[in-house]
Amino acid sequence: MRVTVKLFASFRTGRFEIETVDYPPGTTVADVADVLKLPRNELGIMMINSRHVKLDRVLDEGDTLALFPLLGGG
Amino acid sequence: MDKIARIDMGAAGGPKVTVGDLGEYAGLGGRAMTSLMVAAEVHPLAHPLGAENKLVISPGMLSGTTGSMTGRLSVGCKSPLTGTIKESNAGGQAAQVLARLGYAAVVLEGKPEGDDLYKIVINKDGIQVIVDNSLKLMDNYPLVAKLREEYGDKVAYMTIGSAGERKLLAASIACTDPELRPTRHCGRGGVGAVMGAKRVKAIILDDAGMKMRPPKDPEKYRDANRKFVEGLRKHPVTGEGLPAYGTNVLTNVLNEAGGYPAYNFKSGQFAESANLSGETQAALEIQRGGSATHGCHRGCVIQCSGIYNDKDGNYVTKQPEYETVWSHGGHCGISNLDTVAKLDYMDDNIGVDTIEMGVTIGVAMDAGLAEFGDDAAAIRLMEEVEKGTPLGRVLGSGAAITGKVFGVERVPVVKDQALPAYDPRAVQGIGVTYATTTQGADHTAGYAIATNILKVGGDVDPLKTEGQIELSRNLQIATAAIDSTGMCLFIAFAIMDQPETFQALLDMLGSFHGITMTGDDVVALGKKVLSAERDFNTRAGFTKHHDRLPRFFYNEPIAPHNQTFMMKDEELDEVFNW
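As you go down the protein sequences, you meet chains L and G in turn.
At position 68 of the first sequence (counting the first as 1) the number is 68 in our numbering, and the numbers step up by one without a gap.
At position 415 of the second sequence (counting the first as 1) the number is 415 in our numbering, and the numbers step up by one without a gap.
Here chain G stands alone, though its shape is the one from the complex:
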């Protein structure tokens, strides 16, 4: 990872590729690379779909090595959904392959004139940008199938579906998994619309002839990786719970805790949640000949995903995540896993964020476009998005837009990005993260659920305000750092509880670069990333008044705890005061 490729899609005479050295970005990867570059190079008032915006694609600092769990890819830009800086990350194979090809970042710049659609091929010989109008308006599954005929099965694909081409604000970028399914998405913030605006339909990553990235101290790196893997296997969350049940094991936990937002955030519990639970889902997957244990990229030892088949044993989609099962399930009053799986497939195929789309459909139900609990209507609304009808374009532009168009007051968004599957009235700590993160409402930015609800990495009462600011601050700092390493965020469960596993991570980072890494270095990296992001957002016009939840969370208590969001504004303003 010693070079950066810049592709000016708007260059006179056609797209122009420039490969240069790392310069001021040396040593960076993942979110640190994308956020520092966007903050330094993108005009904060740029239109996100205009030529001034850049789409920065960066593998993590340890991606492409023999290190376990290092397959996360970061994509950054100014978000068309939120207007803030955005880092959206995904698993799949892309990060490993791009890193082995030697690129610390591939940056899509400018914007072409005209209607031509492009694909970009990156291999050991360099980068080609090729017009391919035969791909127009194809969705991800048929698109990848068509590309495989030309480029085969030994590559990784990053693609946008019809939603990205239509520049819908919920549009994602799909990354293929080891079996070449387009199921791992940079979902949040409309990054797919930015790729679509630059008229790039697909990026084909071929690392044939390339080697694993070599550590500076191979022996120490191997040893640290071994200890790291041991730690992940030993911890009950990463070694047992996630492999057996996946992320959807949380349905029962959040429902039991009264923090499962049902019927567009009108109740903290859903009577039919058992039908949607991870326990039910895993048993069904196994019974139907799918799998409840599957890794999204090679080198993953947690294997939190799975394969969801229909009743006849035919593949439908990858195991829908907890947030997806919630957004398309209880949030919409829907309790049928087959419906959720179909919607998950449609999201992946069209190329939209499952959280944003599910929440949007719930908002549309609140507007009276469909009844809560009407499975067929939910699928019909998704078909509108697929067809690109005017209604579909409204829905595909997310919950905030849909709420405005249809006059809905209860719209669960922060900075116009939909809230995920945890009610901030029953889990105050996650509300702090939703309100203050640089990304718009995002649970992964500072996953206070771990400490508030799961009692991993400490114990903070979810129903009280005490300790939540400090908790969210520390988690946001740690997350910004982890998102830069290429490591899957789920390693956090093990490193928060097991000091020796955290040390192994530090040793992996240190031995790879031939330096000594300490916990303080990780904190400094996280702060550097967050500061750059905050600075960009400030210059883009965001103030402390945007770091708030929608008013209904302060005004409407929710059952069963009959509580509102109680964090004071002045407290929220202290999150980044370190």
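Looking at chain L on its own, in the form it has when it is part of the complex:
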């Protein structure tokens, strides 16, 4: 199952900005975070295809997953 993963802000340090990765069916957002060694308590904003999701969301073929730390601005 091909999934595009986008990382932002400090999550890019030592990792990547965007990659398309093969994951086994049933992979969740939490699984991806674990593989990338992103501490769960640092995950702020998680989106699949521009919609917010939670850690237990199961990924589908062709999804784009965006992961941000907790951020603010305005």
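Hint data in this document are derived by calculation from the structure and do not stem from the laboratory.
One or more hints might be untrue.
To be verified - Where chain L lies over chain G, by a calculated footprint (3+ residues, C-beta under 8 Å):
{"hint": "1", "region": "245 to 255"}
{"hint": "2", "region": "440 to 450"}
What the hints assert, rightly or not - Label-pair restraints from in silico Cβ distances:
{"hint": "3", "chain 1": "G", "residue 1": "P499", "chain 2": "L", "residue 2": "M1", "range": "37 to 43 Å"}
{"hint": "4", "chain 1": "G", "residue 1": "G407", "chain 2": "L", "residue 2": "T13", "range": "45 to 51 Å"}
{"hint": "5", "chain 1": "L", "residue 1": "E42", "chain 2": "G", "residue 2": "T516", "range": "33 to 39 Å"}
{"hint": "6", "chain 1": "L", "residue 1": "T64", "chain 2": "G", "residue 2": "R298", "range": "41 to 47 Å"}
{"hint": "7", "chain 1": "L", "residue 1": "T64", "chain 2": "G", "residue 2": "D310", "range": "33 to 39 Å"}
{"hint": "8", "chain 1": "L", "residue 1": "T64", "chain 2": "G", "residue 2": "K568", "range": "30 to 36 Å"}
{"hint": "9", "chain 1": "G", "residue 1": "A524", "chain 2": "L", "residue 2": "R2", "range": "54 to 60 Å"}
{"hint": "10", "chain 1": "L", "residue 1": "D56", "chain 2": "G", "residue 2": "E383", "range": "50 to 56 Å"}
{"hint": "11", "chain 1": "G", "residue 1": "A40", "chain 2": "L", "residue 2": "R51", "range": "27 to 33 Å"}
We put the beta carbon where it would ideally sit given N, CA and C, even for glycine.
Given the structure of chain L, go ahead and fit chain G onto it with the hints provided.
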């Protein structure tokens, strides 16, 4: 802060200064001071540029103390842009200095006859109003440079550029930062035009010989401030994200969420957003010898700003904010940060609101005055504003006027003030705030982005209507209170998530005044401010029918969510029903 100075610019024989006690305004500061005074003293049908309007300048309740983050200044009046009450606030040094000089408010009243231009010097010895026609039509950077030759570097300056003198409706009031750059603006609502109408070009604030304002309970205040700072440093937003990337870290977030309005609100995403992102901007600033971390006033621990240099390492401007990068960037189809930085500099120099100007240029592009994505044309349009040509005056009077003059239907304004960088179709909660705030479209008035998109302080689905009214109501109440304290609004990220940091804020407010403050007191203050503002607007002729978004937000779905603004009118009418 035990006195109020009133300067009657229109007094017979020349401007007259009267310093009095606080009277009915005792204990107020910031937005509470400006809004309660404007509501009580300005005729709601006054012409905003006439003698009946007042420009109220007030440091926050904790400004001028040793408390961290207390450097916000409020400026209030009846807005020439919106016709509503206005509170426009800024960082920079002015609030701290004015507070230490002991003024809870400085009020510019009346309007002089004739063409003379004035500067006002406020120091420990009192207030002087001096004619200085050598400053006429100077823009902010050269103006401050000239004033520094006379008044030096140990003062704070509040100035208007040529836009304020020309009474353009997007005109701002600039406050200098710790390095005396005129980069921190009371931007929104045309407050610079009101200062210009009163023929005041500059206010020089000199606190030499003055001390920090002493708390009633110094020990408790010090302790509360320490806990408050710890809380800000500990929270990922105020302790890491904002210092490292600034507010523009939101470009990628909003674009990813489909709430980034591109090409004058025709798409919720911008293909070239990565070129404009906070990550790109911070790396570029560091690479060019600028800085991605800078505080707008002494005592700031968040340090969300930065210094933007050109490719040769020369200073261009302070780090443009997210809303500026959006308005001059994706909103206009522009993806070059150097262009955005130049436009940010021009805004600061001429003295205009970056949101209003960027949105206006996008509306002008929609009218066919330039192509979307034409960097040079955007700069040319700004030069028209700088020169004060007839076209420049139209553009400098904002998006609503420009849309009318050029026959544009898609004009993103509420109460004639331009919408900021978040599409209300993809973020329903911020649409509630845009529609209903007393200020005209304003994201800071009730920043539903935090809960809708950033998931700070709770979690409300941005694409649904459920929970948005209550959210916007609570945020608008809290914001009106925070805007009165002198605290930077960004503390909200930490106090919404961390009860102990909120308690520290309450303890700072309480120990400073020798009382006990509770959350209920803060809510009561916020409601009092909003009620006064709503009451003024009602008397000025505003009804519930003005608390709506432009029709295109209800009629034109926007990609990628292909959704419209779905809040019902009856729901919007419930926001202030507490």
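Taking the hints in turn, this is what the structure says about them:
1. 245 to 255: holds (count 8)
2. 440 to 450: Our answer is that it holds, as 5 residues pass the Cβ test (under 8 Å) against chain L, meeting three.
3. G:P499 to L:M1: 37 to 43 Å: holds, 42 Å
4. G:G407 to L:T13: 45 to 51 Å: holds, 49 Å
5. L:E42 to G:T516: 33 to 39 Å: holds, 36 Å
6. L:T64 to G:R298: 41 to 47 Å: holds, 43 Å
7. L:T64 to G:D310: 33 to 39 Å: The hint (33 to 39 Å, Cβ to Cβ) holds, given that T64 of chain L and D310 of chain G are roughly 35 Å apart.
8. L:T64 to G:K568: 30 to 36 Å: holds, 33 Å
9. G:A524 to L:R2: 54 to 60 Å: At roughly 55 Å between Cβ atoms, R2 of chain L and A524 of chain G fall inside 54 to 60 Å, so the hint holds.
10. L:D56 to G:E383: 50 to 56 Å: holds, 54 Å
11. G:A40 to L:R51: 27 to 33 Å: Violated: the Cβ-Cβ distance is about 47 Å, outside 27 to 33 Å.
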